[in-house]
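Asker: With the hints as constraints, model all of the structure from the sequences given.
Number of protein chains: 2
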Amino acid sequence: MAEQNIFDNETFFGGYRELRATDANYNEQLEQPAIAELLPNIYGKSVLDLGCGYGHNCIDFVKRGALNVVGIDISKKMLEVAEKESSDEKITYLNMNMTDISILAQKFDLIYSSLAFHYVDDFASFAKDMYSLLNPGGYLLFSQEHPLVTATYGGNHHYNKDEKGNYLSFTFSNYNEPGKRDTFWYVDGVEKYHRRFSDIINALCSAGFIIDTVCEPVPDTKATEKIPNILAKEQIKPSFLIIKAKKV
Amino acid sequence: MAEQNIFDNETFFGGYRELRATDANYNEQLEQPAIAELLPNIYGKSVLDLGCGYGHNCIDFVKRGALNVVGIDISKKMLEVAEKESSDEKITYLNMNMTDISILAQKFDLIYSSLAFHYVDDFASFAKDMYSLLNPGGYLLFSQEHPLVTATYGGNHHYNKDEKGNYLSFTFSNYNEPGKRDTFWYVDGVEKYHRRFSDIINALCSAGFIIDTVCEPVPDTKATEKIPNILAKEQIKPSFLIIKAKKV
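Chains X and W, in that order, give the protein sequences. Numbering-wise (the working numbering), the first sequence opens with residue 206 and increments by one. Numbering-wise (the working numbering), the second sequence opens with residue 206 and increments by one.
Some hints here could point you the wrong way.
Identical chains share a label here; the pair holds if one copy fits it or two copies do between them.
[Unchecked claim] Heads up, simulated EDC-like pairs for lysine to aspartate or glutamate below, C-alpha to C-alpha not over 16 Å straight-line:
| no. | residue 1 | residue 2 |
| --- | --- | --- |
| 1 | K451 | D417 |
| 2 | K369 | E430 |
| 3 | K438 | E382 |
| 4 | K452 | D387 |
| 5 | K438 | E350 |
| 6 | K452 | D417 |
| 7 | K295 | D305 |
| 8 | K438 | D425 |
| 9 | K282 | E223 |
Everything labelled a hint here was simulated from the structure, so no lab data went into it. All figures in this text were calculated on a predicted structure; none of them were measured in a lab.
Answerer: Printed below as a string of structure tokens:
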């Protein structure tokens, strides 16, 4: 598997840090509240956070009573921030590729991941590894870019507006052609993988997971106040896909 | 629930009969082969076909060894054709609304439905009724119009082509606004219900179903020979969604 680590690129890291410095972004206002609503009770449980970034969620898991938390990220720069800002004796940060998790000895009650799985090439195999790492009764809860966002080659999708600037519709292509996508996000050549709904659900079910809930979040009033046009845009096409699945 | 029976409208029925008279259509070349691949073994089993139309699938289930088949359709005209063309002692045709199935006394091993569920208003409640009608180990297998097809108000989506007529992309809206859609299909005012991918999966899972397989079919070589541009169009955006789910 290609070991993409765009997050340690200086230009990228600068842009990303700026994006995350304010809370008027889609992650804080739309994706994070929606995924938080689906969190199972983790009091006294073990949690694995894949693509933990700054470790903000790891700290949140400790606050919710988690027994221990392992945060994994491929980016050293991210984990340096995590060690500074989100340090706790119950948290262990590991600098590794999340698709190498089969080397871990510990089992977990929750595997969590926010907006990282669209970087994974072989999701079917990865789903099996995650299933193996869960205790019976454990949950996988993750968000990713919506398949309608990852679909179009070169990221060449767009919203259409009327002459007054109102959002009307969304134009995309290549939905039914799963595979690698080269996109631009602060820098050129950010590699993502487009998977259809069916590919994602089938990979999880083949691995043994029982689907619990699927969410395509719609912004609430607070998000609508913070980010102009977010409601109009998200009603046309969701930005995120969130899935909660269980190991029986 | 509104009792829509567009299929007994003379204009509609004429147009529909013509569409189905040739095999160079999306149903025969794309949806039917894809759903057939997911059929469980029904030898010696009971099958319920919801929205059975001409009864062609009911006859196919008998040929595959089904013990008995119940075909339900809201259209008398459809069932008149079914009684003529697809009659068999193992098949019972019932002229009723498929959302009234909770009045049936029999249980089934397979509930099958081809391209009818996008007419159902309350899918969550309907999914529960179907779950109750299945024997343990039984399957629900259905196809419906893809959520990207049902999404746009007034059916005002469209493909975009270049100046040479090549298909490039698809423009839609209102995906994240589930609910009723008034569309045109031979006649005005055909009522459909748009559900997002998440709404469909969540309704099935809440009813107790375990998702087995989700399919967004891509045309094979034969379809590509029969129908010009079908491959280019389906690679951009699938027309159908097929789901197989199990009652444990």
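Asker: None of the hints should be skipped; say for each whether it holds.
Answerer: Structure-based check of each hint:
1. K451 to D417: Intra 6 Å, inter 14 Å, cutoff 16 Å: intra and inter.
2. K369 to E430: This pair counts as neither: shortest intra-copy Cα distance 20 Å, inter-copy 44 Å.
3. K438 to E382: Close across copies (11 Å), not inside one copy (24 Å); limit 16 Å.
4. K452 to D387: neither (33 Å within a copy, 41 Å between copies)
5. K438 to E350: For K438 and E350, the Cα distance is within 16 Å only inside one copy (15 Å; across copies 23 Å).
6. K452 to D417: For K452 and D417, both the intra-copy (10 Å) and inter-copy (15 Å) Cα distances are at most 16 Å.
7. K295 to D305: neither (22 Å within a copy, 55 Å between copies)
8. K438 to D425: within (13 Å within a copy, 35 Å between copies)
9. K282 to E223: Within one copy, since 14 Å is at most 16 Å while 64 Å is not.
Hint violations for this structure: numbers 2, 4 and 7, all remaining hints satisfied.
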